[in-house]
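A.B. asks: Single-letter residue listing:
4 protein chains.
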Amino acid sequence: MDDTWPHLGLRSLEGIAETRLPRGTFDYIAGGGWDEVSVDANAAAFRSRRLLPSVLVDVTGVRTDTTILGSSIAAPVGFAPTAMHGLVDPDGEVASVRAMAAVGLPLVLSTLSTCSLESVAEAAPEAVRWFQLYVNRDRGVARSHVERAAAAGYRAIVVTVDVPGDGYRPRDLRNRFEANGQFGNFEGGVDYAKPLGELLAGLIDGALTWADIDEIRSWSSLPVVIKGILTPADALRAVEHGAAGVWVSNHGGRQLDRAIASLDALGPVVDAVAGRAEIYLDSGVRDGVDVIAALATGARAVFLGRPFLYALAVGGEAGLEAAAAGLAVEVSKAMALLGAPSVADIGRDRLAG
Amino acid sequence: MDDTWPHLGLRSLEGIAETRLPRGTFDYIAGGGWDEVSVDANAAAFRSRRLLPSVLVDVTGVRTDTTILGSSIAAPVGFAPTAMHGLVDPDGEVASVRAMAAVGLPLVLSTLSTCSLESVAEAAPEAVRWFQLYVNRDRGVARSHVERAAAAGYRAIVVTVDVPGDGYRPRDLRNRFEANGQFGNFEGGVDYAKPLGELLAGLIDGALTWADIDEIRSWSSLPVVIKGILTPADALRAVEHGAAGVWVSNHGGRQLDRAIASLDALGPVVDAVAGRAEIYLDSGVRDGVDVIAALATGARAVFLGRPFLYALAVGGEAGLEAAAAGLAVEVSKAMALLGAPSVADIGRDRLAG
Amino acid sequence: MDDTWPHLGLRSLEGIAETRLPRGTFDYIAGGGWDEVSVDANAAAFRSRRLLPSVLVDVTGVRTDTTILGSSIAAPVGFAPTAMHGLVDPDGEVASVRAMAAVGLPLVLSTLSTCSLESVAEAAPEAVRWFQLYVNRDRGVARSHVERAAAAGYRAIVVTVDVPGDGYRPRDLRNRFEANGQFGNFEGGVDYAKPLGELLAGLIDGALTWADIDEIRSWSSLPVVIKGILTPADALRAVEHGAAGVWVSNHGGRQLDRAIASLDALGPVVDAVAGRAEIYLDSGVRDGVDVIAALATGARAVFLGRPFLYALAVGGEAGLEAAAAGLAVEVSKAMALLGAPSVADIGRDRLAG
Amino acid sequence: MDDTWPHLGLRSLEGIAETRLPRGTFDYIAGGGWDEVSVDANAAAFRSRRLLPSVLVDVTGVRTDTTILGSSIAAPVGFAPTAMHGLVDPDGEVASVRAMAAVGLPLVLSTLSTCSLESVAEAAPEAVRWFQLYVNRDRGVARSHVERAAAAGYRAIVVTVDVPGDGYRPRDLRNRFEANGQFGNFEGGVDYAKPLGELLAGLIDGALTWADIDEIRSWSSLPVVIKGILTPADALRAVEHGAAGVWVSNHGGRQLDRAIASLDALGPVVDAVAGRAEIYLDSGVRDGVDVIAALATGARAVFLGRPFLYALAVGGEAGLEAAAAGLAVEVSKAMALLGAPSVADIGRDRLAG
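Chains as they are written, first to last, in the numbering used here: chain A, 1 to 353; chain B, 1 to 353; chain C, 1 to 353; chain D, 1 to 353.
Honestly, the hints are just simulated from the structure, not real lab data. It is possible that part of the hints are untrue.
The list cannot tell twin chains apart, which means a pair is met if one copy fits it or any two copies do.
[Unchecked claim] With a Cα cut of at most 25 Å, we get these calculated SDA-like pairs of lysine to any residue:
no., residue 1, residue 2
1, K194, S220
2, K194, G70
3, K194, L236
4, K194, R171
5, K194, G298
6, K194, D214
7, K194, A274
8, K194, T67
9, K194, S332
10, K194, S72
11, K194, T60
Values in this document were obtained by computation on a predicted structure and should not be read as measured data.
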């Protein structure tokens, strides 16, 4: 990291990270399902949106802070759950949570984190931390994950529902990519010799249905967020099954290729949910204007995966902190230029067409 | 063939095949009519579709099997009729049918196959084989083809109707491409010294009309499929003339350039036919997600030509088997990610927009 | 010319011609107004159209012949009026008319032809020849042009109305392109020392109005075609002023940049005219499928400029004859594949969407 | 400057200027906000418009002259306010105003001009000059700017309202670009050691609201134009607050990225204002056809920034004069080809679609 790179914006980090990471690791992060059409579609969706600024609004006191499920955060952005931060930084998620906490932003810890959920909690006890759950085929393991997360001060359980089986990621197959890093939240039961896709398919329960959501909710008092929803129908079912949050995502284009772009799926979900749950989004957010576009469409907050991993890869904890802080500044600047002094002012009337 | 290439997906095979085949042969396979706009349009149509996955559906028992005209096949994909497999593999269609049969998938043998229809039948007696008919100017020859196909256990006659005259394929003209390979289903009457376009125009009856379909049906008890339909009006006429199947195709963009993309033509045809015949599609299918998109639009099964020829060129019978098996796996994975445990679950509601 | 180039299609001729012509000449032919957006738009309009073939139509007797203003032509294509063929071939329009006549196709001779209109008539007395009129500021000269054309057996007067002043063609300005070739239809009054744009602006009357059309009609008994119309309103006025033909054209993108593509303007003009005049089109036609698309939209015939000039530049009279004959063959093949045995069968129902 | 470059058109100047200016200066001029999507969108909007020429209109007497707020100008184009012309020419805005005056076109002087507003007035007393106001945090300074402008014969105050805070311009950050040139209209109070963005944010009042417009109007008898409006709602408020002109602009894509293209915003603003104020536009105008497109949409005049700065950089005062004169000629030619003898004839019916 030199001190100019944050000026380049998050998009520039991918190229820098590519030069520093092993090919297999970089491809694992950057790649997507099949022909990566949905990866491109996520970016294109953000690029296609047009904003309508209002002028002569006093924006000297722009405030980017908001809340997610009642927790205050400095800006409506967070670190999306992503596996094995240890692949890009020796301190893994401990570095990640410290960086995010330093700028008042949330982190969603992956079930497949390199660091144990307890060590991440210990590294940043006051941080807004959520725990992402891949529901284990062994329900005892899954329940244990939830109970440990609750005990360690995680404030919500984010159940990922768009990985019912391993996807088809040509880059990983070509690179014969394996999860060399240990999964920090497991006590045995993980066969690292398998290709990553098979390994995950072996861990994650493909038989999961809506009824299981009710059971998962019963394992703790934490609110449950359903992550990986792309249709109004599923969003409504999430609400019916008590979800406090609906997380719109096509998994960064990493699961079903040609799945609708997250941003394109967002509006109909927002309309269907009609305020009965908070709505989040990931996939394709790369700058402060993207954040504004998602909020204008109805998201309460957005989460980033790849860009923050690249920041961690390029600059470690300090790099991630600079990247996250830089993004928050971009959000603030974009709000001022939009004529929106608070996040509540970013309504759908700010979108053209 | 090395053991990693299936990981690259069917699209990657074109480039590999290009390095291994004579220019004229490769161009004959890859090329299209005129400026090849329809070739590109077929791919673009698939690329443009967006899918809507449903989550929290139990997909542990995903089944890709289906039936076509009552025959069970392992997945809704088959080898489209393509001429002269001997151009890319010394064993020709005998290799092709063995490879497809090994994975439980159908092959439609071309009238212009290198191997005789009887030798192909003998190579894989139990395979689901259909016979594609170019109706000869000499109706006796045409009738003989149908009768031989029926005798040899082919289960349907696929009458190609979009080659009323030779097309205009600049690549073949530039390369002065000729059918050096013998046509295995003819006993004389073929003047190989002619350019391929002229040769075919001399064999195929350009005066064919709907009344002839009734006659062709009378030549055997086999069901008849009409291949090369792009409009609802023609699809309805096919049904009226007793077609058991309507095969939507712009011939891979090889006939009339600027003909509507097969996938774009599919929906209106499905609506018009309204279940009175099975609907198939070819042209542009390159991966498992494409298969899903076609089925969601209403196709019962899809057929691939070029990609399977490239697989045969690159890896012979084993290569084709790996390619076909790989595609079936992709279909299975895509169905799981779509939340569709069986092909019957892949409805039009899975398409966005 | 070697005997393979016709196989490449008309589009390929541009690149060959570019290597053989002086830069200034090539740019004069290839270039357009301003940023050449309309040049590209003409091509894009044709590329975007999708056709709907009908199958099982007897096309063994496809006939491409038609009539324009009562004259029989072998196919619905002709050589558009273009200035100074002497720039690309020493025999100029004499070569052009012979080539077109050899294949039964019409030529529209430009007022600015290198060869005199009489010499062109003499070279091909039986050819279908029309005379294009740039109305001279000196009405006596204009009237003389019309009278001479009538006397020399030209069958129609095509009044170009989209050059009320010189355009803005950066390539010509950059190249300081001048009309070194003599204008064969003028007896003095031409100052070749001027830049071409100024020279033309000096010759052509920018004050021309609809009333002048009536006067021009009175100069001979020939039917009058108005060339350069892009709106239904102007097409109707042409009909009101006795035009026998309405020629839809944005002048190949050479006049007002961003003018609507000729093909996009065609449909509304056809609807407005409603059969009261014949409709022609130029701009962007490059192959037989383009011809079909224009006819399906309602044109009676189409005319080509640049591609035929390139053919003349590359192969002289024989080259142009081969190119024109090749295009007619393409039209025939496209009609067969479309399922249209005669030009009357190419209706708007053949266009998708 | 050599005497051929005006032939290349304004678009070509960017490349030439890039070779002659320091990287930081060029990037400051050429760059935009964030990922520069709106910069591209401005150009794409103009490129996408299609025009409908009318033929057989007498255009021998085409007149491009018009008025803006009662001042006669030779053509509906002017120099948009842009900071620090001294960056590209040692004579700065003195050269600019002389060049524009020489061809009868207006200049809007920036608050951040290198030359003092008085020196610019003295250089071209008769020129149509407007003064652009960045409202200083110190209202005394702002009022002084307005009073000085009124005293120096500026004919309108253009209040820029889309810079409530500094934007986010990665190029400037990367280049650590600083305003080395002095701001000619300030007497102290400017800390040039700051990065440009911060410097401007320190000068410009981000608390400005509509009420302040009323106050600014009271500082002089000059008409007030509000610059930076993109929505009908804000345009109406401008009218309600007594604006004589509404200037539609996304600041050349330099402020909020993804802001709607100026040309796309224009039509709805024109409809809302309904003649109660004059409407101007900047952002993306690069040639005479662009001017026509903007006028057809409803703008009374358009203003150019970057292209005129490049002209000044490449050719100094003479270069700018040639560029401005060339653009006026282009407008004249485009009007003739459109069949519009006066600017009043350029109505919305000239736009296709």
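A.B. asks: Would you mind marking each hint as holding or not holding in the structure?
C.D. replies: Here's how the hints hold up against the structure:
no.: 1; hint: K194 to S220; in the structure: neither (32 Å within a copy, 53 Å between copies)
no.: 2; hint: K194 to G70; in the structure: neither (41 Å within a copy, 39 Å between copies)
no.: 3; hint: K194 to L236; in the structure: neither (37 Å within a copy, 52 Å between copies)
no.: 4; hint: K194 to R171; in the structure: within (16 Å within a copy, 46 Å between copies)
no.: 5; hint: K194 to G298; in the structure: neither (41 Å within a copy, 37 Å between copies)
no.: 6; hint: K194 to D214; in the structure: neither (32 Å within a copy, 57 Å between copies)
no.: 7; hint: K194 to A274; in the structure: neither (43 Å within a copy, 47 Å between copies)
no.: 8; hint: K194 to T67; in the structure: neither (41 Å within a copy, 34 Å between copies)
no.: 9; hint: K194 to S332; in the structure: between (45 Å within a copy, 20 Å between copies)
no.: 10; hint: K194 to S72; in the structure: neither (41 Å within a copy, 33 Å between copies)
no.: 11; hint: K194 to T60; in the structure: between (55 Å within a copy, 19 Å between copies)
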